[in-house]
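Those protein sequence lines, which keep their order, are chains A and B.
Take 1 as the starting number for the first sequence in the working numbering and just add one per residue.
Take 1 as the starting number for the second sequence in the working numbering and just add one per residue.
Simulated from the structure, these hints should not be mistaken for laboratory data.
Be careful, since some hints might not be right.
Derived EDC-like pairs: lysine to aspartate or glutamate, alpha-carbon spacing no greater than 20 Å straight-line [claimed, not checked]:
(1) B:Lys127 with A:Glu97
(2) A:Lys452 with A:Glu425
(3) B:Lys127 with A:Glu32
(4) A:Lys38 with A:Glu558
(5) B:Lys127 with A:Glu558
(6) B:Lys127 with A:Glu276
(7) A:Lys180 with A:Glu66
Keep in mind that this is a model prediction, so the values were computed, not measured.
If you want the building blocks of each chain, they are given just below.
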Amino acid sequence: MATLPADPQQIIERFGPHLSSMSGVRLSTSVEPERLVKTHCCFCGQQCGIQLKTRDNVVIGFEPWEDFPFNRGMLCPKGVKRYLQGAHPDRLLTALERSPSSPGGFRSVPYADAIARVAREIERLQTVHGPDAVGVLGGASLTTEKTYLLGKFARMCLRTRYIDYNGRLCMVSAGAANKKAFGIDRTTSPWSDMVGTEVIWVAGSNVAECSPITTNYLWQAREQGARIIIQDPRITPVARTCDLYLPVRPGRDAALFAGVLRIMIERDWIDHAFIEASTTGFDEVAAYCREWPLARTADVTGVPARSILQAAEWWGTATSSFLFHARGIEHHSNGVQNALGTINLVLASGRIGTPKSGYGTIVGQANGQGGREHGQKCDQLPGWRDISVPEHRHYIAGVWGMDERDLPGPGVDAYEMFRKIDAGEIKALVAICFNPKISLPDASFVTRALDKLEFFTAIDFFLSDTARHADVVLPGSLQEEDEGTVTQVEGRIIKINKAIPCPGEAREDWRIVQDVARALGRERGFTFDSPRAIFEELRVASKGGVADYSGVTYEKVEREMGVFWPCYSEDPRSGAPLADHPGTPRLFEPGSYNPVAKGAGPFYFPDGRARFNVAEYRPPVDDASEEYPVLLTTGRVVSQFLSGTQTRRIGPLVRQYPEPRVEMHPRLAGTLGIADGDWTTVETRRGSMTVRASVVTTIRPDTVFVPYHWAGPKSVNQLTVAAQDPISRIPQYKVCGCRVRKADGPPPYAAALEPQQ
Amino acid sequence: MAKPDSLFFFIDPSRCIGCQACVHACTECDTHRGDSMIHLEYVDRSRSTQTVPVVCMHCEQPTCAEVCPADAIKRTADGVVQSARKPRCIACGNCVLACPFGVPELYDERKIMMKCDMCYDRTSAGKKPMCATVCPSQALFFGTREQIDQLRPQSIPTNRFQFGGQAITTGVFVMAPRRLAAPAPLVDVTAALDDRPPARAVRLTLVPPPASDRTGAAPADATDPFAAVEVPS
Ligand code: SF4
Ligand code: SF4
Ligand code: SF4
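Work out the full structure: start from the sequences and follow the hints.
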């Protein structure tokens, strides 16, 4: 039973989150670094280049890396202070075993004993209940090497079908839409292409706070004449000065796209030649859009009719354009339809695959792109292959040296895995880089499922809220303690370099995974001696897949400061070896060749054409109702990242925005008798929480917003709904009905917990 | 070593996203680690997300230095107004009160005034200041006049400010929207004090005022984009 081994307060006392601060050599104005290591930020998908200063095996600060082309030295506050996650008082330096009688509920155990126990428990449960009794959860902040190894570990070592990853909470709606429309899942263009375009439409992305470095590209494009359209229920910092703000009601995005496309068709602002030559499915989409006359669109979306018309006109009549979206339209039970709605606008305009026109999703996590390509997803094999397709299975089984019949079939998404745990089908869990207790919706259900596990092991560097449930915690590595590659927001593969060794008995995550394989007596295929060795196998495994990395080497990545996939080792036309393929910075260029279309067209389908897909509007699950009349939406703040396991431990970041607040419009606050700073209770069908109010005119008066980085009583995912998109299985974080009232007084946590806890 | 005289500091508050990377980066400086010499202000968060980064403007005739009884504040020949000099500063706080931009701060326990010196350790070695290097929106920019002209065709740098009757010229430039600005506009700081920021625009009050619209680039929906939204009951 993986229930909490001790009272949460005791666990927090011993394992934090406590705050790190600049002290000792990190505060001294005279200490010289020994080394400056060129690497990247460990947090968001922008993957800014940074140089870490090290001394005595500690990262003591940073120096901007102005030569790295993507960010040219720019960093957001998380990047500036990211080094304070190292040498942290909460860092796990040994393996831990659940021990309710020990302080904080855990005791240190020798690493080898911990590994032996993990292997024993896996062996026991698989012997009794079969291989699928064990599930694996991964994450998209891991290097691509680790995600590859994890997928292989699940399928080849554990022989379980149950593996999925936290990208399920992130990029899957975009991924599924890209697959349906383009046959490939990647942003089309490097960000530098944005400068010089005419219109940029940003749908559901709080760029300033979630991907700050992209802001300069937006503003640079604006200086060169671009008009910026921002679609968001909140006037975010980029919405403040954009040219057109579309204040969409949460959950209504697909309706807006259909309404805009209808106007474009009516006014003939579409590219007939492109639609004719390079796409299929337009007529069905046009028929659907006819159901969305302007008045209805305005009524459903809450966007004024004149703004919808303006957007249609700017978008429809432009000659170059970019469209970006992010979790704002993706985190919905209608997420794939929303993303397809944007793609329809792009395809109807015909503006894609040229130097000043493109489309993409702004990924959230460090390796949001690479982490979704090489097989830690439940239905996927390396190289963006499909685990249900016989040739794909055959190829990978060959690379791995196993019988294809032993390769498991597709599993289920991460949330469904928790339902299977709850139902007793999955009995044990191996988790890394995933903190579902905070990050999945309906937290009380997730906690109940964790409690039911017969055996749970987590690889972690801090004891995350989820790892608190573990029977065995294996001490893993921080990003700066290992090397490898990640693929950032533009599709550029970059190199993470090791700055310092792992402290204490902590070790690189890939070693831990292999140690478990060895202890199970199934080490064949898990004897890599370095991330480079894993990458070399990944190159082979990805070869011939859509996400082809075969032409990429560590040297090339470092030399060119990033390589865009696909990057081939053999010419896809002739099969002749290629010494130095340049990679593919821009997808879908007219006349381009890809191995799926084989010259038939630029898109990754046998006929080379992109697909229009009817992108249907469906009202959100658990929409506003008489009982729960206000819409609740969630998101990030600039100083925190994901579930806060790292950033809630960094003093200066915590002080910038210490605790979640509920943002509401003064008109709503007025009817509820709530003033700025008042303790306020937000309640949904699943739970309630009490936080202070932030009364601001920058949010729709029918919507409230709570950021999601906090734990326990401060976690907004106690309230969110586990409704999922039927295709991508992404949860609907961005909208559900709630009610709001002034609280009777401060919540119990106010006196008991520090802000970050 | 001195700051190269081709390089200037430019501020564009319309770009600022309030992220505070600049403030955090300032605390990383090798001469005053742990303390930021700059700060970030919300103009009025209840009405707008508009923020303003406050760095030292490096006045040509620095009021801070003029009011200093101990002559502790020096302006170097390259136009950088330095932090108070240690042996001289008597921590009287005159400069703190006098600076029209609200820049210097008194560090009581150390008995000294400290303020932004444009990262003199970096700029005098040909590097950019820390804040302007990291700023993700490039609201803070450090470079040549040619670079700013090329990168920011929509805006024009000005370094003249009007405080009631007093005009101040600074070493640091502020970017004003080109289509509103007279060729050599003044930023009217006193008028700006009375302004309430609209949710959807930036205000930069200019002298002389543009004929059509004194306050600037307010988009059509700037008044209240949520006017038609009903409050649920
Ligand atoms: S969090 Fe993202 S934007 Fe901020 S420094 Fe890191 S990679 Fe750059
Ligand atoms: S801005 Fe203030 S501190 Fe800076 S030089 Fe001018 S008066 Fe002195
Ligand atoms: S770093 Fe730039 S965008 Fe961020 S608060 Fe400072 S000036 Fe504004």
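Okay, the hints, checked on the actual structure:
| no. | hint | verdict |
| --- | --- | --- |
| 1 | B:Lys127 with A:Glu97 | 50 Å, violated |
| 2 | A:Lys452 with A:Glu425 | 11 Å, holds |
| 3 | B:Lys127 with A:Glu32 | 18 Å, holds |
| 4 | A:Lys38 with A:Glu558 | 10 Å, holds |
| 5 | B:Lys127 with A:Glu558 | 24 Å, violated |
| 6 | B:Lys127 with A:Glu276 | 53 Å, violated |
| 7 | A:Lys180 with A:Glu66 | 38 Å, violated |
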